[in-house]
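Peer 1: The chain contents come next:
Number of protein chains: 2
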Amino acid sequence: MTQRIRGVLSPVVTPFKADLSPDPQRFTAHCRWLLSQNCGLAVFGTNSEANSLAAEDRMSLLDGLAAAGLDTSRMMPGTGCCSITETVKLTSHAVKHGCAGVLMLPPFYYKGVSEEGLYRHFSEVVQRVGDSRLRIYLYHIPPVAVIGITTGLVERLLKAYPNAIAGMKDSSGDWNNTKVFLDAFAKSRFDVFVGSESFLLANMRSGGVGTISATANVNPAAIHKLYTEWQNADADEQQAKLNVTREAFGKKYLMIGALKQGIAIYADDPTWARVRPPLVELTAGQAQSLAAELKQIGFTMPGLKRAATVTA
Amino acid sequence: MTQRIRGVLSPVVTPFKADLSPDPQRFTAHCRWLLSQNCGLAVFGTNSEANSLAAEDRMSLLDGLAAAGLDTSRMMPGTGCCSITETVKLTSHAVKHGCAGVLMLPPFYYKGVSEEGLYRHFSEVVQRVGDSRLRIYLYHIPPVAVIGITTGLVERLLKAYPNAIAGMKDSSGDWNNTKVFLDAFAKSRFDVFVGSESFLLANMRSGGVGTISATANVNPAAIHKLYTEWQNADADEQQAKLNVTREAFGKKYLMIGALKQGIAIYADDPTWARVRPPLVELTAGQAQSLAAELKQIGFTMPGLKRAATVTA
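If you read the sequences in order, they're chains A and B. Quick note, the first sequence lines up with residues 4 to 315 if you use my numbering. Quick note, the second sequence lines up with residues 4 to 315 if you use my numbering.
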């Protein structure tokens, strides 16, 4: 059995052109830079504005990354849609590209659905994809999707599909919830990624495998350093530093707009600030505050500008 | 300017084959029966499990209705997706078919989005569709979509696009909310449909134009009768009777499963009971209870069985 993906992954932010279509060139450049920082690519996550993209957009961007020679075994595309049909289409496409796994939202339109209904949904997806290479990471993000992943659901799915159900991303923001899943399933080859690097050290100490975090778009090297050095004496200190950077991006602003603004600043490329409705970019005043705060904490994105130039 | 659609519309339930693909034959038969009962077709609504369908499924089903000769000027397809791209594709398709309008959900993945962001989303859709025949009915259903339609948003959209923004469906279940929109916009050619016939009489008395209601799938004639006779002396009595039927379907069961089970019973066609995950059909026990309760209140679906036979 091949080694499963672990460590630090970024829900890669998606750059847009003036007509709001995805910008494959900037996207590929950013992905290449992230890989150079030991950061895996959880493309098409929440921070990627993936649900603001059509299925065709996602497939075309992934095709572009593969065509550019980026390592698909370092990728975990988001493929969970409200419909089984579209989820299967995106998932099969990712599997055929040799991706390490897929990050799968539950169907998130209907609320108050039963565990039985969610089980049937995921079960149908696994069976329809019908590929032994399939590795699903269940995506628990109740603040956004509202519909969540329960331990009862994981237990049933693991029993039925022990190879396909590979783990989860917990973006509940609630460490107690993560701990429940770790205690229940970490020994059953169920790999738990935390949805924020602020829980990375706690996750590693409790049997987790890493983090898939928004801020990995801008601070990948430092997060990866803690991932590899979590047993070192200065681990708590490293964690505290990561938290400062995360707060600078996420505390006062909508995270997605702030991440893109950060890249716009450090790549010296204003185009990066653009988001798709219903999101809005940072105001000019917010962008200035963010720049000042990042400067104050000594934040840098080494090699980002060069990476953009090389690809362009 | 052509007459706008008014009255009673049904968010048409979508029948599925054993492989969970939509069943165009049964779908068309049900739509034909609804039209024969003076009920318009709000195909691809919440009760249609539309968000459990791929965009291609929706377009193909609508093509089928048009090809079968059903009157598209009596149709208001649901076209609101999380992405602008897919919303525009479905909306343009409906407009080209000569549909009376489209029922448009706000983008419902991201939560806590701003009015400005939602304005940009709808504005972008109107401009991209770029067709003077476009009539958008904004779909307010916070219990499911979470993201709602505010008076501030309607005010801005009406000002910018007075022809394209035609009205709303209010499925908040809160009459006070409906009244706020009626008071603010009914005089501005903004047509308010209530999302449940339990508010039909109140809506007509306050300047509304009808209802788009789940139960219209099974009880269209009686609902339409109140719509035409709301100024009659027995209007309150009619309303009370409608409420009894609605409660039989919606009080104890998930509405979608109960509606489909009801059609399965009265069309003598068990296939109709099927739903797509993440929903689950009624249990055998629930189906029996529903049948008994419907019998007890003297519920009928006149002509349904014959309509199915004619089309098949």
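Simulated from the structure, these hints should not be mistaken for laboratory data. Remember, predicted model here, so these are calculated numbers, not experimental data. Treat each hint with caution, since some may be false.
No more than 30 Å apart at the CA atoms, straight line, and that leaves these computed lysine-lysine pairs for DSSO-like [to be verified]:
hint : chain 1 : residue 1 : chain 2 : residue 2
1    : B       : Lys-99    : A       : Lys-20
2    : A       : Lys-182   : B       : Lys-114
3    : B       : Lys-114   : A       : Lys-244
4    : B       : Lys-244   : B       : Lys-20
5    : A       : Lys-114   : B       : Lys-254
6    : B       : Lys-162   : A       : Lys-114
7    : B       : Lys-244   : A       : Lys-20
Peer 1: Each hint: holds or not?
Peer 2: Status of each hint after checking the structure:
1. Lys-99(B) - Lys-20(A): Holds - the C-alpha atoms of Lys-20(A) and Lys-99(B) are around 28 Å apart, at most 30 Å.
2. Lys-182(A) - Lys-114(B): holds, 26 Å
3. Lys-114(B) - Lys-244(A): At roughly 29 Å apart (the allowed maximum being 30 Å), Lys-244(A) and Lys-114(B) satisfy the hint.
4. Lys-244(B) - Lys-20(B): Not satisfied, since the Cα-Cα distance of roughly 34 Å exceeds 30 Å.
5. Lys-114(A) - Lys-254(B): Holds - the C-alpha atoms of Lys-254(B) and Lys-114(A) are around 17 Å apart, at most 30 Å.
6. Lys-162(B) - Lys-114(A): The hint is violated at about 33 Å.
7. Lys-244(B) - Lys-20(A): violated, 56 Å
When the structure is compared with the earlier hints, violations turn up for hints 4, 6 and 7 and for no others.
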